[in-house]
Amino acid sequence: MSATAMIVDDESPMRDQLRARLQQVWPDLSIIAEAANGIVAIEQAEELRPDIIFLDIRMPGKNGIEAASILAKQALVVFVTAYDEYAIQAFERGAMDYLLKPVEADRLAGTCQRLQERLQQRQQEKTAPAATNTASDQAKQVEQMLTQLMQQQSQKREYLRWIQASVGTSLRMVSTKEVLFFRSDEKYTLVQTEQAEYLIRKSLKELEDELDPKEFWRIHRSTLVRVSAIAEVTRDFRGRQLIGLKGHAEKLEVSRNHTHLFQQM
Amino acid sequence: MKHRDDNKVLNFIMDVTDTVTVVWWKFFDWLAVVPWSSLLGISLVAMIIGGALGLGGLMPMLVFASIIIKSLAGGKRSAEIAATAAATRADVEALERRLLEAEMAALQAQIEPHFLFNTLALIGQLIETNPAQATVVHQHLIKYLRSAMPQMRDKGNGKLGQQMDMCRAYLNIMQARMQERLTYDIDLPSELEFLPFPSMMIQTLVENSIKHGPEPKTTGGHISITAKKVDDQLLVEVNDNGMGFDLHADDGMGLTNIRERLKVLYSGKAQLVIEAPQTGGAIVGILVPVDTKQ
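Just so you know, the protein sequences line up as chains A and B, in that order. Our numbering puts the first residue of the first sequence at 1, with every later residue one more than the last. Our numbering puts the first residue of the second sequence at 1, with every later residue one more than the last.
Simulated from the structure, these hints should not be mistaken for laboratory data. Just so you know, these numbers come straight off a predicted model, no measurement behind them. Just so it is clear, CB atoms sit at the ideal spot from N, CA and C, and this is done for glycine as well. Each hint should be verified, as a subset may be incorrect.
Calculated pairs, DSSO-like style, for lysine-lysine (alpha carbon to alpha carbon, straight line, at most 27 angstroms) [unchecked claim]:
| hint | chain 1 | residue 1 | chain 2 | residue 2 |
| --- | --- | --- | --- | --- |
| 1 | A | K73 | B | K228 |
| 2 | B | K70 | A | K177 |
| 3 | A | K62 | B | K269 |
| 4 | B | K269 | A | K251 |
| 5 | B | K8 | A | K177 |
Covered stretches of chain B (chain A as the covering partner; in silico rule of three or more C-beta atoms under 8 angstroms from a C-beta of chain A) [said to hold, decoys possible]:
| hint | segment |
| --- | --- |
| 6 | 9-23 |
| 7 | 41-47 |
| 8 | 161-172 |
| 9 | 175-182 |
| 10 | 205-211 |
| 11 | 247-260 |
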């Protein structure tokens, strides 16, 4: 049976390998295109309409899973991956086929067999549309699985994780995991880490809105503290709460309207 | 006018109340932990002085109240104080354990399976098409594994030169896979080669650079590694011209591990410095004190 195929992989030796193997096990298959990333793959598939697309998962531009959500609508997609535990788990549950690199001839022959059957089924459907709808069921299953995978990838809420601070002429990136506290200081905001302090223009209010509220607490009109940096809470002789930090000598005052954060711990 | 006076009085009363409360709690805490014998001794002295000053029944009453309070609430309070101390100790222990775990994770999670499998797949392909090149990649892989596998790390591994050799092997493999999409250069002055440097740290930075540099960019990218002496410190920088920073992306286990390990190894005297150059990409540097004894 003759059919057309496209190979998508960012590493050219891998494309060569798959091409050679395919020629061995399915001589009638004509490989009409190769692409090195997801974006090019989508453009070429649109233009050349291959029946089958062999798709690597880790790729620049658009990765294989993102690209597949578009490509699976117009062609049969087979994932090719060296190691991707999540994807493999997902595919094992689903109906779609996947191949492991380096691709073995026997395994590839099985895949090609299934592909041929499915293509035949498609052609029969075209001639007798009412006969069966298993193929469209499969397509639906695949689509569901892909949306699931994409959700898994973009589940985390986006909080600010890096603080940008100018030091001389360079722009320093400070991870929020390093920050002990932020304190507003007239025009600027002071960023204190264990080893250094920086001044940034972002206001405390903006920071409070963008940071993870579970990670940073407002303890004073002018102070945001990283919860995991707190070592102890004490009281001074006037009954004010003071926060002691890990790896930093200075104590931070808790203002009266924030004392409820540390009530009788 | 009258208003302001009111405020002053109010403030004064509030301050006094505050102070009394604090003094009271201090007294309460002291009462809770002081041994009975000392309490009796102090009471006796207080009553004698009170008697001498002619305070009459005040002192005996105070002593009586103290004894009642101590016997009623003292046990509970001293237990609370002991619990706080125990919690502080537990915190310190938890921290130490976390550091140790971070150390272990840093040692164990180094060889990325994705990298290993892809490289082996490449060698398989090259054996068929270009056996000479297969031998070269195979040798790079052996060199890399010799330094990267925890079981294989020998004493000499903690030298800057060896760490750079390992990165070179890794980058050569990545170059064989990504071809023209990856270029790199390493600048290591020969006098720095034998300076001690913690294992696997530059490697982690290089892996990060490839992940954010040449790998996601369709046009590929360049990575440069430089080592230099700055005053009494050794600075190793890994620079890529990649995608730069996503301000909302977690900085990842790799960098967190480096930070924790530096803290343990150099007790605060080493630094991980991350910069976003105007030209794009990222510069990640590790600054460690130079050990002159070596």
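Open item on the list: Checking each numbered hint in turn, tell me which of them this model violates, lowest number first.
Closed with: Numbers 1, 2, 3, 5, 7, 8, 10, in rising order.
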